[in-house]
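*Asks:* Letter by letter, the chains look like this.
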Amino acid sequence: MAMTIHVDIVSAEEEIFSGPAQMVFAPAEMGEVGIAPRHAPLLTRLKPGEVRVQSPQGGEESFYVSGGMLEVQPHVVTVLADVALRARDLDEAQALEAKRRAEEELAQRTSEFEYAQARAQLAEAMAQLRALERLRKAGRS
Amino acid sequence: MAGAREIRGKIRSVQSTQKITRAMQMVAASKMRRAQARMFAARPYAEKIRAVITHLGHAHPEYRHPYLQDREVRRVGYVLVSTDRGLCGGLNINLFKAALTDMQSWSERGVEHELAVLGSKGAGFFARFGGRIVAQTTHLGDRPSVQDVIGMVKVMLDAFTEGRIDRVFLVSNRFVNTMSQRPNIEQLVPITADDDERLHHHWDYLYEPDSKEVLDALLMRYVESLVYRGVVENIACEQAARMVAMKSASDNAGSLIEELQLAYNKERQATITQELSEIVGGAAAV
Chain A
1 MAMTIHVDIV SAEEEIFSGP AQMVFAPAEM GEVGIAPRHA PLLTRLKPGE VRVQSPQGGE
61 ESFYVSGGML EVQPHVVTVL ADVALRARDL DEAQALEAKR RAEEELAQRT SEFEYAQARA
121 QLAEAMAQLR ALERLRKAGR S
Chain B
1001 MAGAREIRGK IRSVQSTQKI TRAMQMVAAS KMRRAQARMF AARPYAEKIR AVITHLGHAH
1061 PEYRHPYLQD REVRRVGYVL VSTDRGLCGG LNINLFKAAL TDMQSWSERG VEHELAVLGS
1121 KGAGFFARFG GRIVAQTTHL GDRPSVQDVI GMVKVMLDAF TEGRIDRVFL VSNRFVNTMS
1181 QRPNIEQLVP ITADDDERLH HHWDYLYEPD SKEVLDALLM RYVESLVYRG VVENIACEQA
1241 ARMVAMKSAS DNAGSLIEEL QLAYNKERQA TITQELSEIV GGAAAV
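Taken in sequence, the protein lines are chains A and B. Each step along the first sequence adds one to the number in this note's numbering, with nothing skipped, and position 116 is 116. Each step along the second sequence adds one to the number in this note's numbering, with nothing skipped, and position 284 is 1284.
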């Protein structure tokens, strides 16, 4: 019987593939790698590309990953696929965006505070109106 | 008859409210199931990445990444996960209370805090309360993606790397079951590696391109996956809490309707009796 290696492909949002394989090909950062059973332990980043899994029956399945990490142990291959497109400056932009939102919120704090105050005053006025109406009714009957 | 008509109007208004709360309850129930499924789907990734990090800890004991090093605490950071919408019982308030208690216990020791907030409820609360919010993301919707948390996590991790904050916590709700959700505070960085005793012989990975970069990317993804899990779990909590809150609202509306119906019937009967006695009285007078 041919030797196999167990392959797990997971992303942060779901499990994509899990099963035995004869050989796995992945787009590592330094070039495509092919991994057979009993490969030496390896840890590398992945480029966007195709991960191909050769099943023991001889079929081949392929999965697109937009980057991620690849871990190899002699009998297990784990592909931690990214869901999002990652790049240093893209991440940076996301971080700046999150910061900007916080600052904006802070700047708007006064207006929001006024809004809350106005709403409280409105509620108070409405309660007074209701009370007046009730009094008027009681006076009539 | 005026009283009876008024009561009938009230009954109708309570009924329409009940219709809304019941619809919300049903929507929350189905959304909760989907959120739970997403919660379970995110689990394998977190487990796998955790396993890799544990391996790393054993394979590579001489190099300590900053994310793995404990240092003296002068300032702490919180990543707080809250909901975007209300009407979900005390879910958010309980969480804020837990966070505030924790902050207070730190500030008693002279430790300041910084906040990164997910969800508009938390952002609103801490803005009013006077928390120091450095990053926020709101309106994640029911299907958040990892993309949404990358930015805020980076803000916190950068602050950690620069040494501005010395510890980062994740504050979010844990989904115990449909009826109960527990506010939970866990440490994100420094990462507390669990000591697995199984692998103690020395071996190391081959790294491409080099160990530091690989480790950087890996640890960052790990923290992100933790936060993402917190977000997804919090959504499941939100829907469960909303379902329960809306169910009790519907039940309350039901008992209110029952009471009003009783009052209405009494009023109607009283009018009929009065009319009857008037007729009888009139007939007797003739």
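It should be emphasised that the hints constitute simulated quantities derived from the structure, not laboratory data. Since the structure is predicted, the reported quantities are computational estimates derived from the model, not experimental observations. Please note that the accuracy of each hint is not assured.
[Claimed, not checked] Calculated cross-link-like contacts (lysine to aspartate or glutamate; reagent style DMTMM-like; alpha-carbon spacing at most 25 Å):
(1) A:K99 - B:D1204
(2) A:K99 - B:E1114
(3) B:K1019 - B:E1114
(4) B:K1212 - A:E29
(5) A:K47 - B:E1072
(6) A:K47 - B:E1112
(7) B:K1212 - B:D1158
(8) A:K47 - A:E103
(9) B:K1212 - B:E1072
(10) B:K1097 - A:E105
(11) A:K137 - B:E1267
(12) A:K47 - A:E32
(13) A:K99 - B:E1047
(14) A:K47 - B:D1216
(15) A:K99 - B:D1142
(16) A:K99 - B:E1267
(17) A:K99 - B:E1112
(18) B:K1031 - A:E15
*Asks:* Run every hint past the structure and note whether it holds.
*Replies:* Cross-check of the supplied hints:
no.	hint	in the structure
1	A:K99 - B:D1204	violated, 39 Å
2	A:K99 - B:E1114	holds, 12 Å
3	B:K1019 - B:E1114	violated, 43 Å
4	B:K1212 - A:E29	holds, 15 Å
5	A:K47 - B:E1072	violated, 38 Å
6	A:K47 - B:E1112	violated, 40 Å
7	B:K1212 - B:D1158	holds, 16 Å
8	A:K47 - A:E103	violated, 35 Å
9	B:K1212 - B:E1072	holds, 24 Å
10	B:K1097 - A:E105	holds, 22 Å
11	A:K137 - B:E1267	holds, 19 Å
12	A:K47 - A:E32	holds, 9 Å
13	A:K99 - B:E1047	violated, 30 Å
14	A:K47 - B:D1216	holds, 16 Å
15	A:K99 - B:D1142	holds, 23 Å
16	A:K99 - B:E1267	violated, 62 Å
17	A:K99 - B:E1112	holds, 19 Å
18	B:K1031 - A:E15	holds, 21 Å
Of the numbered hints stated above, those contradicted by the structure are hints 1, 3, 5, 6, 8, 13, 16, listed in ascending order.
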